[in-house]
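Protein chains: 2
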Amino acid sequence: MDSNTLDINQENEKGEEDDFVDPWNVNSKSDTGIDYDKLIVRFGSSKIDEELLSRWSNVIKAPLHHLLRRKVFFSHRDMQTILKYTEEGKSFYLYTGRGPSSEAMHVGHLIPFIFTKWIQDTFDVPLVIQLTDDEKFLWKDLKLETAKKLAYENAKDIIACGFDINKTFIFSDFNFIGQCPEFYQNMVRVQKSVTFNQVKGIFGFGDSDVIGKIAFPATQAAPSFSSSFPFIFGNVKLPCLIPCAIDQDPYFRMTRDVAPRLGYHKPALLHSTFIPALQGAKTKMSASDENTAIFLTDTPKQIKNKVNKHAFSGGKATVEEHRELGGDCSVDISYQYLRFFMEDDEQLEKIKKDYESGALLTGELKKILVETLQPIIAEHQKRRAEITDDVVKQYMTPRKLNFTIKSDK
Amino acid sequence: MDSNTLDINQENEKGEEDDFVDPWNVNSKSDTGIDYDKLIVRFGSSKIDEELLSRWSNVIKAPLHHLLRRKVFFSHRDMQTILKYTEEGKSFYLYTGRGPSSEAMHVGHLIPFIFTKWIQDTFDVPLVIQLTDDEKFLWKDLKLETAKKLAYENAKDIIACGFDINKTFIFSDFNFIGQCPEFYQNMVRVQKSVTFNQVKGIFGFGDSDVIGKIAFPATQAAPSFSSSFPFIFGNVKLPCLIPCAIDQDPYFRMTRDVAPRLGYHKPALLHSTFIPALQGAKTKMSASDENTAIFLTDTPKQIKNKVNKHAFSGGKATVEEHRELGGDCSVDISYQYLRFFMEDDEQLEKIKKDYESGALLTGELKKILVETLQPIIAEHQKRRAEITDDVVKQYMTPRKLNFTIKSDK
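Residue numbers (UniProt numbering), protein chains in the order written: chain A, 1 to 409; chain B, 1 to 409.
Next up, chain A with everything else stripped away, as it sits in the complex:
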């Protein structure tokens, strides 16, 4: 734990000057948002560079996802090892999750799931998805039953992303921990390996925090170990790859530190940037401030109105000035969102050129974004509406998944 704790303590000391990033708050002083290169240095992770991407593409024998090509997933830990495993014909599994803070998820919440589905499909691996309703109950002023309900509603949105039902297990902590002694046992193993001083350094907990918060990091760590899911993995110790937003990294730095002492693999990680708020890149899109976000429940009209009204523009003050000087894509939210949601590289590049040259006006750029988002969200709503309680139950039942374990252990 020592080296990681040091990193983090430095981070906290620097917190006043630099961007602030932890699992509960993300803030930047810059109009272009978080300086992700600095974050890589501070967190001690590795940059996803062209060499890694080219190797990755060779291993899967397929083109890479646009979220990788555009470095929305920009940082990693041990992804080289995961590619090596794959080259050697060995298996791994995927773990991602979500803290269900509101019934309506926003489009930013989809990013890790869209990307995780792509990894699942290209590597053909099993996936576990943790809904931390216990975390939300501990951190927010809400009833336990409400937290469970939110997890259930979020599960429907996640399922609507199209995960293979034969390879995906979704669970909420409040329901699942009471169904799996091995999961609780791994929680306590982690709880025995981490001191209050350490979680204080990593997460900034204080003496007046409730003991549930203090112990919670162990609950988010446990799914990183295949032995937490004996009904899926039996006795095989399988390595784990975790795609997540960079703000979740503190949990997994802690987990990676503890893993070898428990005789487990360190989980590998893929970190994404945040999708910025409509108002600009200083903060991330947030479900609790509804004007900052496009929700998965928004109507085409709401999407159009929100983008037109709130999306921060990198354009100039007048049409004449814009035509002459061009817009600034690095702060323009509509362009930034297109990086997340428009798949066609050439089209995106042309939009960038035209906007920066002044050929494309802010209103036109916003129209392109609106017309990109409307069908994505409409299709999501359609798929979500078709998900019955029975389907949710199938995904959330602890069961064997359909895959072949290839492992040397």
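Everything labelled a hint here was simulated from the structure, so no lab data went into it.
Any given hint could be a false lead.
Identical copies carry no separate label here, and so any pair may be met within one copy or between two of them.
[What the hints assert, rightly or not] Below, a list of computed lysine to aspartate or glutamate pairs in the DMTMM-like style, where the Cα atoms sit at most 25 Å apart:
id : residue 1 : residue 2
1  : Lys393    : Glu182
2  : Lys266    : Asp141
3  : Lys266    : Asp209
4  : Lys266    : Asp247
Following the hints, complete the assembly by docking chain B onto the known chain A.
Chain B alone, transformed into the frame defined by chain A:
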């Protein structure tokens, strides 16, 4: 929590001068052991007095157990309320437990179980018994599998006390918490209601303690709420009575403080004194120091040798002096043990008189103790040997118990 925390903080401040009592350590500076009257004042509990005993005897329409008559159970919280419930024809349930620290339990460990069985029989109520293998794993340098094994072996000794299989559920945390979402949910409810500052004040935890210890009090609190066992109690909120040694009181002061905020009954308590070490009343009998204890696995010869060799004597230096001045029962361990294990009041009173007058010599007193303990332990061993894995499994399977709930809620 405020008033309780204050009590405890005072206790910690006074700790240097007074007896030291917490769930992990018990020490007295006096040859007669802990000053239990002072402890009642410090802990803020109530003395079990003659008025309570007489009412109790009236309610159950039967004579009281010798452990009550002799004030081995000397302190309580809300026992009047439990008697009132019974008079009104309402139900309650019993909860007790054990931290399985060694395979071989000693005779002192039997005391709360012998007494709890008597309460179960006289009140005809259901009982849950928690084996905190997770606690032992967190506090001791042992493997998780070893802690589970110890819990299993201890369960056999507990079952050998003769609890009604139709009214008793025994569980170990590592096995059961993963079988009951409602139990985990109550753990997290308690975890949300208690801060690190509070457990620091109550249990003396520090910044270098592992987060598992810090969160553990919630795990010992959860069985105090009937909703943790829906398979037994359904939706009925039943009050709980906890017989335990006084060192466990800090857990339940915390629990009683939290209960009303969760909409649950405060658990009632019955506190026992400690059985002293063979070497004298300054410390309690301890399984981890084998010379201090008579084990449930000891042979008749070992019992005889241990008592003769180690049992601190209140007798005089020579036979002549003893005959003239008599012995001191208040420090004599053989006499003290007889208070726990000899049922006949008249016989015990005669022994006291004879020893104090000098008519009974130390060797003779030790012989009486040996001849009292040998059959108790031999019978325990016989009953334990008959307990098959299948019987253990029956007690430890979450299931309906056979009793009628009488409640106003």
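Against the structure, the hints come out as follows:
Within a single copy, Lys393 and Glu182 get their C-alpha atoms as close as 21 Å, and across copies as close as 19 Å, so both meet the 25 Å cut-off. When the C-alpha separation of Lys266 and Asp141 is checked against a cutoff of 25 Å, the pair qualifies only between copies, where the shortest distance is 23 Å, while the shortest distance within a copy is 34 Å. Proximity of Lys266 to Asp209 under the C-alpha cut-off of 25 Å is restricted to the inter-copy arrangement: shortest distance 24 Å between copies versus 28 Å within a copy. Proximity of Lys266 and Asp247 under a CA criterion of 25 Å is satisfied intra-copy only: 18 Å inside one chain copy versus 40 Å between copies.
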